[in-house]
Amino acid sequence: MKKLAIIATICIAILAMAAPHAAGQGCAMCYQNAAASGAKGQEALRHGIMILLIPALALFGGIVAAIYRRDNFSQ
Amino acid sequence: MSGNWMSSTALTTESAEPGIPQRVYPTGMILTLGAILMFFMALFSAWVVRKGLSTSPLEAPISLPWRLLSLNTALLFASSGALEASRRFLRAGDTAKFRIWWCAATILGVAFLVGQFEAWRELEGQGIYFASNPDASFFFLFTGAHALHLIGGIAGLLIIALKPLRQLTRNTATRIAAIYWHFLTLIWASIFLLLIFAK
Numbered sequence: 153m154k155k156l157a158i159i160a161t162i163c164i165a166i167l168a169m170a171a172p173h174a175a176g177q178g179c180a181m182c183y184q185n186a187a188a189s190g191a192k193g194q195e196a197l198r199h200g201i202m203i204l205l206i207p208a209l210a211l212f213g214g215i216v217a218a219i220y221r222r223d224n225f226s227q
Numbered sequence: 008m009s010g011n012w013m014s015s016t017a018l019t020t021e022s023a024e025p026g027i028p029q030r031v032y033p034t035g036m037i038l039t040l041g042a043i044l045m046f047f048m049a050l051f052s053a054w055v056v057r058k059g060l061s062t063s064p065l066e067a068p069i070s071l072p073w074r075l076l077s078l079n080t081a082l083l084f085a086s087s088g089a090l091e092a093s094r095r096f097l098r099a100g101d102t103a104k105f106r107i108w109w110c111a112a113t114i115l116g117v118a119f120l121v122g123q124f125e126a127w128r129e130l131e132g133q134g135i136y137f138a139s140n141p142d143a144s145f146f147f148l149f150t151g152a153h154a155l156h157l158i159g160g161i162a163g164l165l166i167i168a169l170k171p172l173r174q175l176t177r178n179t180a181t182r183i184a185a186i187y188w189h190f191l192t193l194i195w196a197s198i199f200l201l202l203i204f205a206k
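The listed protein sequences derive, respectively, from chains A and B.
Be aware that the first sequence starts at 153, since it is given in the working numbering, and climbs by one per residue.
Be aware that the second sequence starts at 8, since it is given in the working numbering, and climbs by one per residue.
Simulated from the structure, these hints should not be mistaken for laboratory data.
C-beta atoms are modelled at their ideal positions from N, C-alpha and C, and glycine is treated no differently.
A few of these clues could be false.
To be verified - Partial pick of chain A residues on the chain B-facing surface, computed with a CB cut under 7 Å:
{"#": "1", "residue": "Ser-189"}
{"#": "2", "residue": "Lys-192"}
{"#": "3", "residue": "Gly-193"}
{"#": "4", "residue": "Gly-200"}
{"#": "5", "residue": "Ala-210"}
{"#": "6", "residue": "Leu-211"}
What the hints assert, rightly or not - Negatives, chain B to chain A, calculated, CB over 10 Å:
{"#": "7", "residue": "Ala-49"}
{"#": "8", "residue": "Ala-111"}
{"#": "9", "residue": "Asn-178"}
With the rest of the complex left out, here is chain B (with noise of 0.2 Å):
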C-alpha cells in the first residue's frame, strides 16, 4: 500500500503484505496487555500495602482536584467512544465519517493528556510534589505511567492515521488500536474508582 492509508483511495483497497497472518496481531496485543496489566496491578498492590502500613499522621491522604479529574475521565471515555463510532463508520465504507470520528478520538486523548498535566500544576499549586507523602507519591506514579502508556496510544493512532502500512490491513491496524485504547480507559477507570475508595 502507498501514500496515506487515510485518503480515499487507499481506504478503497484491502491490502497487506503476505506471509504473517492478520490474526497474529491481536493475539500479539492481548499478550502485551497482559504485561501491562499485571504492571499497574503491581502498583496497585503496592499503594494498598503501603497505606496498609501507615502509622504517622504525616501520611493522611492529599486532596485531589476532583472536578478536574473527573472532566479528564469523561474526556477519555468519550475518546474511547469516538474510536469505536471510527470503526464502525469504517466497517460501514464511510470514510469521510471514519476520518473526522478518528481525529477527534485522537484529540480528546491529547485532551485528556492536557488536563492530567493540569490536574499535576493544581497539586503543585498547593505545595504536593512527588515526594511530599506517600500518597502523592503514587498519585504521580500512577497519573504518570498511566500517561506514558496514553503518549504511546496517542503515537500508534497519529502512525495509523498518517503512515503508510505495509504488513497490516486497515480493520486489523484498527482493531488493535482500539483495544489498546479502550484497555487504557479501563485501566484510568481502576485508578480513578481507587482514588475514590481510597478517599
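The following block holds chain A by itself, in its conformation from the complex (with noise of 0.2 Å):
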C-alpha cells in the first residue's frame, strides 16, 4: 500500500512538471484550423475529444481498480 502511494506520487509529480509542455503542444497548422473552425466547430472538437477520453479513462480507471483489488484479494 505505501510503495503503491509513493509510485502514485511521483506519478503526480511527473505529471505536474510536463503539464507547461502538454499546454504547449500542437502544431501551428491545427492551431489555426481549430481557431478558424467558428464557434460550432471548436465546441464539436472539445466534444469529440470528450467522446475519446472518457471511455479510456473509465477503461484506465477500472484495469487499475481491478489489479489493485485481486493484489489485495490475494494477500
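Assemble the dimeric complex from its two separately framed chains, guided by the hints.
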C-alpha cells in the first residue's frame, strides 16, 4: 500500500512538471484550423475530445482498480 | 470432452482440460471489449466533429428507415434476452430448454443482420450510398462495423453449439459468449440513440 502511494505520488509529480509542455503542444496548422472553424466547430472538437477521453479514462481506472483489488485479495 | 457438447450426455459432464484457469477467459473477453469500445468511440468522436464542422447545405441529414431500425433493435434485445434465458436454464440443468433458447438467440441475431441489410437496401433504393453524404458514410460505417462484430458473435454462438470444447467448461463458454453479445446489444443501442439525437 505504502509502495503504491509512493509510486502514485511520483507519477503525479512527473505529470505536473509536464503540464506546461502539454498545454503548449500542437502544430501551428492544426491550431489555426481549429481557431478558424468557428464557435460551432470548436464546440464539436471539444465534444469529440471528451468522447474519446471519458471511456479511455474509465477503462484505465477500471483496470487499475481491478489490479488493486486483486492484489489486496491475494494478500 | 468429445462429440457435440449440446447433446444431453455432454451437458451432464463438466470437463475442461486442466492448465488454464477458467477465470482467465472472461478477463480476456473484457479486455477485448475495451478495445472494441474504443474503436466505436473513435467513430462516434469522428462523427460528432464532422457534423460540427459541416457548413454545406448539401450535407443535410439523411432520412433513415426508422421503423425497420426500431424493429431490428427490438430483435437484438430479444436475442440478448433469449441468451440470458438460455443460460438460466443451463444453470438449472434443463438442457432441452437451454438448447431451444440458445438456438432462438442465434436465429434472432441472424434476423437482426438480415434487417440491417434490408435497411441498407432501403437507403440504396432512395439513391443514398456510402459516398453520397457524410451522414450516409457514417451510417454505413457504424452499421457495417457493428454487423461485422455481430457476425463474429454469431460464429461464436454456433461454435459453442456445434463444436466440442477442449479448454473451456460450458459455463465459461456461455458466459463469455453472453458478455460479448450483450456488449454488442449495448453498442447498437448507443448507435441507435445517437442517430435519433442527431436527427
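Consistency of the hints with the structure:
no. : hint    : result
1   : Ser-189 : holds, 6 Å
2   : Lys-192 : holds, 6 Å
3   : Gly-193 : holds, 5 Å
4   : Gly-200 : holds, 4 Å
5   : Ala-210 : violated, 9 Å
6   : Leu-211 : holds, 5 Å
7   : Ala-49  : violated, 7 Å
8   : Ala-111 : holds, 32 Å
9   : Asn-178 : holds, 21 Å
Hints 5, 7 from the earlier list are contradicted by this structure; the remaining hints agree with it.
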